[in-house]
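Novice: Given the structure of chain A, go ahead and fit chains B and C with the ligands onto it with the hints provided.
Protein chains in written order, with the working numbering: chain A, 1 to 252; chain B, 1 to 318; chain C, 1 to 299.
Worth flagging that the hints you see were computed from the coordinates, not collected in a lab.
One side of the interface only, derived from the structure: several residues of chain B facing chain A at Cβ under 7 angstroms:
#1 A174
#2 A181
#3 S183
#4 K187
#5 S188
Ideal Cβ positions, reconstructed from N, Cα and C, are used throughout, including at glycine.
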Amino acid sequence: MLEVRHLVKHFGGLYAVDDVSFTVKTGTITGLIGPNGAGKTTLFHTIAGGYRPDRGEVFLGPKRISGLPPHRIFQLGLVRTFQIPKPFREMTVLENLMVAAPGQLGERFWSAWVAGRRVRRQEREIRERAVQVMEFLNLGRVAQELAKNLSGGQQKLVEIGRALMSDPQCILLDEPGAGVNPSLLVEIVDRIAELNSRGITFLLIEHNMDVVMNLCDPVLVMAQGRLLLEGPPDLVRSDSRVLDAYLGGTPA
Amino acid sequence: MSGVLSYLVFFLTTAAIYSIASLGLNLQWGRTGLFNIGVSGFFAVGAYAYAILTISPLTGQPGLGWPVLAGLLGAMVAAGLFALLVGIPTLRLRDDYLAIATIGIAITVQLIATNEPELTGGTNGLFAIPQPVAGWLHGSGGVAFLILVLICVALVYLALERMIHSPWGRVLVAIREDETAASSLGKSAFSFRLQSLVIGSMAMGLSGALYAAFIKFISPQDFLPIFTFQVWAMLILGGSGSSAGALLGSLVVWAIWTLSGGLIQAALPAKLQVDSGAIQIILIGLLLMLVILFRPSGLLGRKRPAVHRSTVPSKEQA
Amino acid sequence: MIGQLLANGIILGATIALGAIGLTMTYNILDFANFAQGELLTFGAYFALIAVSAFAGVHSTFGALSFGWPMVVALLLAAALTSLLAILVDWLVFRPLRRSSIQVALVIASFGASLLLRHLVVLIWGPQPAYYTTNIQISTQILPGVRVTPDQIFLVALTALLVVGLHFFLSRTKLGKAMRATADDPQLAQVTGIDVARVVRWTWIVGGSLAAVAGVLYGMTVQILPEMGFNLILPLFAAAILGGVGSVYGAVLGGLVIGIAENLSVLFLTPTYKPAIAFLLMIAVLLVRPTGILGKPKL
Ligand SMILES: Nc1ncnc2c1ncn2[C@@H]1O[C@H](COP(=O)(O)OP(=O)(O)O)[C@@H](O)[C@H]1O
Ligand SMILES: [Mg+2]
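Excised from the complex, chain A in its bound form (with noise of 0.2 angstroms):
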């Protein structure tokens, strides 16, 4: 499903992504974990084409995406979510959703004269579809509220309303989990289940580690820019390289 070879990112002399290398395989809930700073929120970027990689490659399937822009990327299946929520401040949280739908008529400017009536059907499929994701995710109630009301973890159902709002292949979850309380999380990981066993696949970066653990399979780990291993949750739970990273450990 999406391929990483080589992929390098740096700042100057900081590699924030160093020669990492991984596949997501069709149908998985694939977990990225590491200590922060370790880049894996730069690596999202880079990926889903917000910074044009250093070095290396991306494919989704067997399109070769890296140096694509973002919307081209969107265009191509792959949705991405931020660590730090970006909602649409001054809409409501259905408009947020609703402006999130691909391949809508009434994005030409001209189609408000030439395709009313198409324009307004379609309208109307995108905003029950928007309510079907407000309903699917407990947002229904806060529909017409503006984004920038909304509570940090409220803001993050958002962010992942707007991905659902298109079909897409594969969907880059960053930290989903955080900042949100207890209740609301067992919602999410509900929903991500959900939504794979619709077949998306999914990327996710985690901390809260029984999320990652109940969730996620395979997982990788990164540090200091670098792919640190890979494997099944249990595996990377007792493997000691991963617990020396967290500690601030340089890996062997």
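Specialist: Coordinates of chains B and C with the ligands only, in the frame set by chain A:
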């Protein structure tokens, strides 16, 4: 017609012409976050394009003698082309580069207007510019033209509102709010920004064309940066993001501008009158600062959501 | 011919460079494009005019230069008054707006301030051009086909001196280092105990003084006019962008490139289009290398 009435017609016509430019700026800045401070440039392009297209060659000036409607459309196209020219190199970069580039185009347009007499009449300007509906409603002063301008305002207003409240307009707001997030959801920020810049500038071009038709005489001195300042003041005061705010702001700011100009003329010794502009700018500038600090949303600010509130099944409403 | 144009370009470029340094510093430290920078040049030129007129009776000239002690006093006075003006504008206009939620309020305000200052110049000194001296200077041949006046040589030398001085100020003094730190990361600077208000003040003092000198030099070699600063705003921005916004040396380099390009353009275009050349160069740079010649922002 009495003096007061004909002055009122003059005042309203000017305010209405301004309001078309501020509607354009509202699309660019209010909805998309595009920082155009070369409004006077696009206005000038529209005015000159209209004049050159419509002036009769029989006047001995550079003119093609086209019908006025073709002139109005041509003015919009010309302003749109200039917007493309500025937008393509700058819309991928940080916000203020667009600002610098737009003021650059405003200055360049003025240079061309001043230095190409074969095309623009140079410092002498262009005169005998045809006015649409001239002579209609005989003896009514400029009422017929005022009505025409108001129709243009209504058309521009409706057209822009329709686009603003379409999915297209929703994307503009998303890009304004967070470009990174919008791109990660498949929107090409550059393409949408360029569309917004061009369409908004076309409104400014139309505004310039109507100005040329109204005054019937234009010269480079009509297109100074102070115009840009006035239009910005109108939009910010009226309520950035709201088309109705742009209209109201145009009326209010133009009223303040005209009244204060009159008062200064009456109150100040002749020696200081030469430049009442400074005092007017201080007045409007002060007002602007107060609005920015204490009521950033303006008179009719963006209280509404970006797209009309929609009907969500009632159980969703808490 | 080309040699002469190059020389003229360097002379104009030196003036642009001084103005662009202030622009690039406010851009980097205060984080906004200051469209009123041109008017600081204008006011600098007019402040100096006050002093020069006050000393009208004093006959003093340095060697072959067209001026003497009065001009030195005038330069210092212009620098001091322009810095004060810049701080005053900051205090009245920019400081209150720095906490506004409208992120470009500062830029709009600077645009308004620029208009206002320009009108004030006309109000105070009138619209007609002015000159520091009516003496005609004899230009001398310094290279085959290249003639310059002693004033012009002075101008280039003074610019070079100021740039070197600024370099030492920024790299050696505590204040200079604090300014660079603030430019790099304002929040970090604040928590590490840098007095940000003082840094802001000194940014205006340095930027304002250099602008004043630039204005005086321009007035000396061309003429003094209420629109002189506004007419230079495109070259100033072009120079700052060309060199890489935030880079002092970039601004100097950018200034020279713009000055030379504007003068060489005379070979193809009527001279009245000089400002448009700056604009075209700027657009070209933005298309090819948006970070400017000297790359990343760094003082
Ligand atoms: N835009 C940037 N410029 C410079 N350094 C950055 C930038 N983004 C991240 N970094 C650095 O790259 C490293 C990796 O950061 P990040 O990818 O956010 O780590 P993680 O998500 O694993 O916590 C950190 O040292 C961080 O400081
Ligand atoms: Mg992270």
